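In order, the protein sequences belong to chains A and B.
Mapped onto full-length UniProt numbering, the consecutive letters of the first sequence carry residue numbers 1 to 343.
Mapped onto full-length UniProt numbering, the consecutive letters of the second sequence carry residue numbers 1 to 371.
FYI, nobody ran anything at the bench for these hints, they're computed from the structure.
A quick note: this is a predicted structure, and the numbers were derived from the prediction, not measured.
Incorrect hints may have been included.
As the list claims (entries may be wrong) - According to the in silico footprint, chain B covers these stretches of chain A (three or more CB under 8 Å from chain B):
| hint | stretch |
| --- | --- |
| 1 | 8-20 |
| 2 | 50-60 |
| 3 | 284-292 |
| 4 | 329-335 |
Cβ atoms here follow ideal geometry from the backbone N, Cα and C, with glycine treated the same way.
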Amino acid sequence: MTKSPVPIRFKDTQIELAHGSGGKASRRLVEGLIAPILGNPSLDDAALLSLGGASLALTADSFVVKPLRFPGGSIGELAVNGTVNDLAVSGARPIALLSTLILEAGLSAQVLQAELQAIGQAARRAGVQVVGGDTKVVEHGKADGLFISTSGIGLVDARVNLAASSVRPGDKVLLSGPIGDHGITILLARGELDLEASLKSDTRSVWPFVEALIETVAPGLRWMRDPTRGGVATALNELAREAQLALRLYEEHIPVRDEVRGACEILGLDPLHIANEGQFIAIVGPEYAEAALEAVRRVAGGQEARLIGEVVETPAGVVYTVSSYGSSRVVDMLVGDPLPRIC
Amino acid sequence: MKYVDEFRDPKLIEKAAEEIRRLADPKRHYRIMEVCGGHTHSIYRFGLQDLLPENLELVHGPGCPVCVLPMGRVDDGLKLAQDPQITLTAFGDMMRVPGQMGTPLEMKAKGADIRMVYSPLDALKLAQKNPERQVVFFAIGFETTAPSTALTLKRARQMGIPNFSVFCNHVTIIPAMRAILDSPDMRLDGFVGPGHVSTVIGCRPYEFVAREYGRPVVVSGFEPLDLLQSLLMLLRQINQGQARVENQYERVVPWEGNPAALAALAEVFELRPYFEWRGLGFISQSALKLRPEYAPWDAEARFEVAGVRVTDPKAAQCGEVLKGVLKPPQCKLFGKECTPEKPVGALMVSSEGACAAYYNYVHCAELVSGD
């Protein structure tokens with residue numbers, strides 16, 4: 001992959017939390033500094049490699065969530081599912097993971113044991129093996145107890161060809177279930193807001209859903225993404241910009257639990273910007289849309305999937321929502337980081 | 001969701017919008033100011049302008065706390081944070097407001113001890129937990145947030161907490177409305193009165209607008225139907241040549257306000273002789289400071305606060321936008337040098353700022369409707 005050198009366009013003088021928020025600043029860092037220096041301008045969730053006739057997907061993800069445990073999951077479970085999902089939305093069956101632990105001196109052994117068990121259980125549930133990794137310990141005060149980095153490898157299904165460039169006007173946007181559960185759960189679990197709600201993180205492997213889609217509508221699958229940091233809005237904005245098309249979403253079709261809506265109303269947040277750890281978006285050809293929706297709904301945990309919108313030609317590069325009373329608003333990428341670290 | 005869905009009912013919204021279009025006299029042009037930034041945000045977020053007739057113009061008012069704070073006060077706060085013994089606490093809104101030295105977030109990334117809190121009481125708790133630190137709360141906001149600062153100060157005094165203080169930038173809405181009414185380039189037909197501020201001060205303080213300036217005021221809620229109903233009430237008054245104060249937001253706003261909150265304000269604060277507002281200049285008796293009995297908790301009395309006046313970046317036209325003279329996209333920097341990510345002026349920072357609301361929700365609307 002020899003490409004002409006890309007100039008370094010990163011002008012920020014220092015790294016701030018926003019550069020890790022998954023929104024605009026993150027994109028600037030990756031596109032403006034990392035990609036030009038390391039020579040691969042890909043922003044996709046996983047890199048695709050051809051090796052001896054097999055097509056492999058390779059990905060890495062790090063987890064620095066605080067608190068380590070939260071309703072519905074923990075950092076260990078996230079570390080498995082997050083990497084598994086990056087592979088899944090690349091159309092790859094997850095095969096194996098490497099797991100690197102960065103431990104802070106003073107971390108309770110019990111906590112570590114619980115997280116290792118969480119990693120093991122999540123890996124079994126997702127059908128992947130943890131085949132290796134590394135462990136480092138840093139001084140007390142240099143890490144929030146435990147950071148985990150996982151790398152994953154998966155086998156790309158030969159029946160799919162996912163790319164922003166294959167997305168066409170008229171294609172439908174499929175969302176696997178209600179959004180914002182993870183981000184709001186973490187925010188509330190920190191206990192800083194004096195808000196309570198019976199919510200839990202949606203962390204799970206999305207491979208079973210993706211597998212069902214591949215089995216039923218593989219030729220109609222155009223593009224997939226798991227909307228983690230920056231939420232659905234950021235994932236779809238990246239698609240709109242890359243494909244130079246627009247995405248029109250119907251506000252009343254976007255599934256959001258009342259607890260998440262309520263918290264977002266109170267805190268002034270947009271559910272479309274909130275992180276998810278167990279959902280994915282698929283762009284599917286219009287003639288496959290209903291079959292795709294049914295396929296996802298047939299898998300346990302997929303009953304709340306919805307078709308939330310469609311791809312249109314203009315305004316190119318823009319995501320917008322239409323309300324039930326006919327007004328429209330542009331939905332931009334997440335800017336800055338109103339939330340503390342959540343994954 | 002209760003108290004939300006019924007105020008976003010598509011059928012009722014369509015009906016209210018239709019009634020507004022019917023009532024708006026095509027021979028005249030209506031200019032109505034929504035004073036409160038929360039309303040500006042709602043109008044853009046719900047796309048209400050799509051539903052209104054062209055001759056009903058909404059003018060965005062000065063009711064956005066971080067927007068009206070002059071840059072000099074931001075710098076004063078940041079200078080405090082440079083003192084190694086001080087922990088500066090502020091609401092999330094403040095964290096990306098640029099001063100001359102940068103934003104609080106940038107200062108924090110460089111190592112200053114600046115923390116985001118959700119309530120002044122959290123800042124007080126921080127002081128109790130860290131007795132070796134001086135915890136300063138950067139207080140901003142209108143009568144909406146001032147009572148919680150007042151209660152926190154009362155508690156700090158009762159408990160005798162020595163390492164907590166407030167850098168007070170609270171302002172009051174009435175003098176700002178008067179300044180706008182007195183401004184020669186302002187031709188307004190009526191006001192959508194602030195909702196949250198009015199839960200504290202009630203509706204009576206707006207009576208001078210009707211009495212002295214002959215303009216109607218309707219205190220409004222924040223949901224789409226609230227705002228449309230308020231606009232309807234204003235149109236009816238304007239068409240009939242009336243000028244009264246009406247309360248659309250009765251489910252939350254008592255006519256006389258909240259006496260307990262008002263008493264707390266009166267006990268802790270007194271009026272400053274004058275205070276600088278971004279865009280509006282110095283307005284007399286428009287801001288609060290701590291009473292002398294609270295001097296031990298007054299950051300301005302305890303620490304050196306430079307009080308430098310800083311003029312806004314020349315090219316930015318925040319002042320004109322704040323006064324409603326310019327619409328956000330008419331500013332030369334809008335969407336170019338000044339974006340929510342790299343804001344030049346505070347109106348691009350706060351979600352209540354007219355520029356950020358406009359940028360986030362509608363600056364591509366023309367393109368969308370052309371689709």
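Each hint, compared with the structure:
For a cut-off of 8 Å, the count of residues in the stretch 8-20 of chain A with a CB near a CB of chain B stands at 5, and the three-residue condition holds. Residue count for the stretch 50-60 of chain A with a Cβ under 8 Å from a Cβ of chain B: 0. That is fewer than the three needed, and the coverage hint is violated. Counting residues of the stretch 284-292 of chain A whose CB lies closer than 8 Å to any CB of chain B gives 0, which falls below the minimum of 3, so the coverage claim is violated. A stretch counts as covered by a chain when three or more of its residues have a beta carbon under 8 Å from one of that chain; for the stretch 329-335 of chain A and chain B the count is 4, and the coverage holds.
Figure legend: structure checked against the earlier numbered hints; hints not met, in rising order: 2, 3.
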